[in-house]
Structures are given as C-alpha cells and as structure tokens.
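S.K.: Start from chain U and add chain W according to the hints.
There are 2 protein chains.
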Amino acid sequence: MKTTPKPTLRRLPTYLHLLYQLRDQGMENVSSTIIANALKLDATQVRKDIEYTNVIGKPKRGYSITELIHEIEKFLCWDQEKDMVIAGVGSLGTAILGYPDFREIGVRFIAGFDTDPEKIGSKIHNIEIYDINRLTDFIRESGVSFGAITVPGDRTQEIAEKMVAGGVTAIWNFTRTQLHLGKDIIVENARFMPSLAVLTRRVIEAQIMKEHPKD
Amino acid sequence: MKTTPKPTLRRLPTYLHLLYQLRDQGMENVSSTIIANALKLDATQVRKDIEYTNVIGKPKRGYSITELIHEIEKFLCWDQEKDMVIAGVGSLGTAILGYPDFREIGVRFIAGFDTDPEKIGSKIHNIEIYDINRLTDFIRESGVSFGAITVPGDRTQEIAEKMVAGGVTAIWNFTRTQLHLGKDIIVENARFMPSLAVLTRRVIEAQIMKEHPKD
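Taken in order, these protein sequences are the chains called U and W.
Numbering-wise, numbering that gives the first Met the number 0 puts 214 at position 215 of the first sequence, and it's gapless, one number per residue.
Numbering-wise, numbering that gives the first Met the number 0 puts 23 at position 24 of the second sequence, and it's gapless, one number per residue.
If we strip away everything but chain U, and leave its shape as in the complex, we get (with noise of 0.2 Å):
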C-alpha cells in the first residue's frame, strides 16, 4: 500500500467542502475541470489526487458527485464516528472544542483536561473539563484513542506520554513543541506558522515579482 502524500490528504477536505455545496446546488457529475477552477488548482493534479481515493471518473460525464463524497469520507474515516480528548483548554482548547464543523466529520470530544481549578468540574461548550492528572485513567477507561493538545510548550511532551500511557494511538499537536513518541504513534501538527510563513512569504514574492517583472 502507497502512504498518501501529505499535500494530497490536506486537498482533500477542500474537494469535500466543494462537492457537498455543488451536491445541494443540484447537480450530479462533476468535472476535475470544474473542481480544479473553481479551488484555483491545476485540473491534473485534482485528477492525481482522487486516483487516490480509487474513484474513476468517465469520460465526457466525469466523476459522481454522491460516489466521491462517499469515498472520500471513508478514505478520510470521515464517515465514522472518532472520539477525542483535548489537553488544555485555555483560548485555543476552547476555540476547538466549539467549532461547529467537527461534528459533521464524526469527531467528538467526550472531554477535556486543565491544570486551572476554576476549570476542572466545568463544562465548555457542554463538554466536561477533568483535572489532568486524571487524563491517563480516563483514557484507559473511555478507550478513545485520539487526542488533541493545546497545553504550554514545556509540558506538552509529558502530556503526549501520559495520552500514550493510556493508550492513545492518534495525537492531533497544536503545541510548536516536537514530539517523541513509539513509531506506532501517529503525531499530526496542527500548528498556525506553516500557513501564517505561506501567507507572509507570498507576499514578498509578489513585490519581487511586481519590482522586477521579467526575473
């Protein structure tokens, strides 16, 4: 089995975000013309990507719209429910745990873990907030085996470990911390600087491009 490739997985969503909009507008077949103009990609690679998810398109009618919904969210493991636990919930955690959009993809937090006393025994956007000395318990009973961090830099190593100890497979890191974990633990960074550098190094390009046009 190929590994698919991390820019192919992060298109992903923004084909699935596209489909359900085209699906309620109406229609059932789409081109990877249409998606690749309308998200401003290029029509081959659109193309690349979906091979992945072993949907064929047919010539001149292109892809099903409802068939690659369908396999995309199982491609994902969109299309099951997934729970989740998240350390730290100061104005990041909370952000989280209050988007809408999580829902809809089957991720569901079953609960959160502070230091903050005032926290612990609360719930935030209905969800129940622990003391996070008990995170490890509580992972081991629940059996979830996903986790989100969003806790201090310097503590979130000790935090993965003590997911990992009960027996977290799946760590979704927010932190800018790099983590050390088994090689069966699956760590992905969740982290605002990649995109923040694409945004800021963007726009020199563009000056460049502007002051010395022929270059």
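In case anyone wonders, no lab produced these hints; they're calculated from the structure.
Every value quoted in this text rests on a predicted model; they were computed, and no experiment measured them.
Please note that the accuracy of each hint is not assured.
No copy is singled out in the list; a pair is fine if it fits within one copy or between any two copies.
As the list claims (entries may be wrong) - When the alpha-carbon atoms are kept at most 30 Å apart in a straight line, the in silico DSS-like pairs for lysine-lysine are as follows:
| no. | residue 1 | residue 2 |
| --- | --- | --- |
| 1 | LYS39 | LYS73 |
| 2 | LYS5 | LYS118 |
| 3 | LYS1 | LYS39 |
| 4 | LYS182 | LYS47 |
| 5 | LYS81 | LYS209 |
| 6 | LYS5 | LYS182 |
| 7 | LYS57 | LYS122 |
| 8 | LYS47 | LYS5 |
| 9 | LYS209 | LYS182 |
| 10 | LYS73 | LYS209 |
| 11 | LYS182 | LYS39 |
M.R.: Showing chain W alone in chain U's frame:
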C-alpha cells in the same frame, strides 16, 4: 524568480523553532542531518528547503545557526513588523488575538471587528474591537495590509471584499469558504480540516499496514 513550494514554506517555521532551541543551547553550527533527525524528515529534503533561502552549508561544519535563523526570518518577512486586523472575534478569533507566538514573528494585531454589540467597544487581549461596518474605513486610514477572517461562512466573501476595498492585499482565511478575489490579492487558507485529514488517514493507513504488512 521561482515561487517557493508550499510544503517547503510550511516546513521553514519548524526549522526556525528548532534553530532557536539549538542556539539557546549554545550551538553554533548544525548539519542538515541533525535537523532532519530532530524533525523526522529526510536530510536531502532539508537541504533542498534551505537552498531556497540562499544559505550555503560548509563542508563538515554545516550551517551557521545565527546566519540560518537570520536568513529564514528575512525570507519569510518575519524580521519585520506586519500589522494585521481580524474580522470575527468569536472563540477562534479570540484565540488568535491571544496567541503569544505571533508577536515574536512580527505580527501585530491592531484591531478586531465584529457584529456583536457586546464586543464592539470592548478590548480582547488588549486589542480594541470595532463595528464591522467600519472595516473598510479603518483599513484605509491605518494602511494595514494584512487581514485575518474568522467570520461565519456565508459572510466571508463579503468581508474579504470589504478588506480589499480598504487596501488589504494579503488575507489569512480561517473559514471554509473559497474566496474569489482579484489576482493581486494573496489568500492563504488556515484550516483545521487539512490537518485532521492527515491525522485520520494516517490512522487508517497504519491499520492497513498492520493487517497486511506485505502490501
């Protein structure tokens, strides 16, 4: 001039974060192999990424850490102050305004905008919140060129156009809406979904590999 590939740009902040740590530990030089091992990347990839910033490593000694930090910061425009406004100060907008790391890289939020009368006139993380109807005028008067958007989906395009009308040229879009703006406007989408797609797919891939190790 070559446009820098997005995956390269997305990795540069991670290098930078590691380089700060190495510098603080008293190191003066670093090889691409050390960087690659620390970040679980391929050393050739690291060398290629760094080549874009025009820093040349020396045989045996590798890169000068101070020089590399300086050049990556310059390359990303992170060595200069960049004012930014944000439209939408719900839980995500509030988290962004309070995110401590933006100041380090020269991003300064100078105002927030919202429709909520309770928020208008107040301060969030010490940043003044204004009526969203003042967005275009505020941008025109302040000369700010960066705008972040976290408003609900159906108003995203309208808000982006208001920003552009005031003079914003670079938009950091946190919503799922695909923006359609003039070709001179730089848009970078910062979304949770692409990252979550990588996480959930990698979990499936790990399961498949476990069940069919020979594939």
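S.K.: So, for every hint listed, does it hold in this structure?
M.R.: Hints versus structure:
Taking the closest pair of Cα atoms, LYS39 and LYS73 come within 30 Å of each other both inside a single copy (25 Å) and across two copies (28 Å). Taking identical chains as interchangeable, the C-alpha atoms of LYS5 and LYS118 are never at most 30 Å apart, the minima being 36 Å within one chain and 39 Å between chains. For the identical chains of this complex, LYS1 and LYS39 are neighbours both inside a copy (27 Å) and across copies (19 Å), given an alpha-carbon limit of 30 Å. Within a single copy, LYS182 and LYS47 get their C-alpha atoms as close as 29 Å, and across copies as close as 26 Å, so both meet the 30 Å cut-off.
In the homo-oligomer, the alpha carbons of LYS81 and LYS209 lie at most 30 Å apart only across protomers (20 Å), although the nearest pairing inside one protomer, at 47 Å, exceeds that limit. For a Cα distance limit of 30 Å, the shortest separation of LYS5 from LYS182 qualifies both inside one copy, at 18 Å, and across copies, at 26 Å. In the homo-oligomer, the alpha carbons of LYS57 and LYS122 never lie at most 30 Å apart, since the shortest distance is 50 Å inside one protomer and 55 Å across protomers. Taking the shortest alpha-carbon separations for LYS47 and LYS5, both the intra-copy value of 13 Å and the inter-copy value of 18 Å come in at or below 30 Å.
In this assembly of identical chains, LYS209 and LYS182 lie within 30 Å of each other by CA distance solely across copies; the values are 13 Å between and 46 Å within a copy. Within a single copy, LYS73 and LYS209 get their C-alpha atoms only as close as 44 Å, which misses the 30 Å cut-off; across copies the closest is 19 Å, which meets it. With identical chains, the CA atoms of LYS182 and LYS39 are at most 30 Å apart between copies only, with a shortest distance of 11 Å across copies and 36 Å within one.
In this structure, the earlier hints numbered 2, 7 are contradicted, and the remaining ones agree with it.
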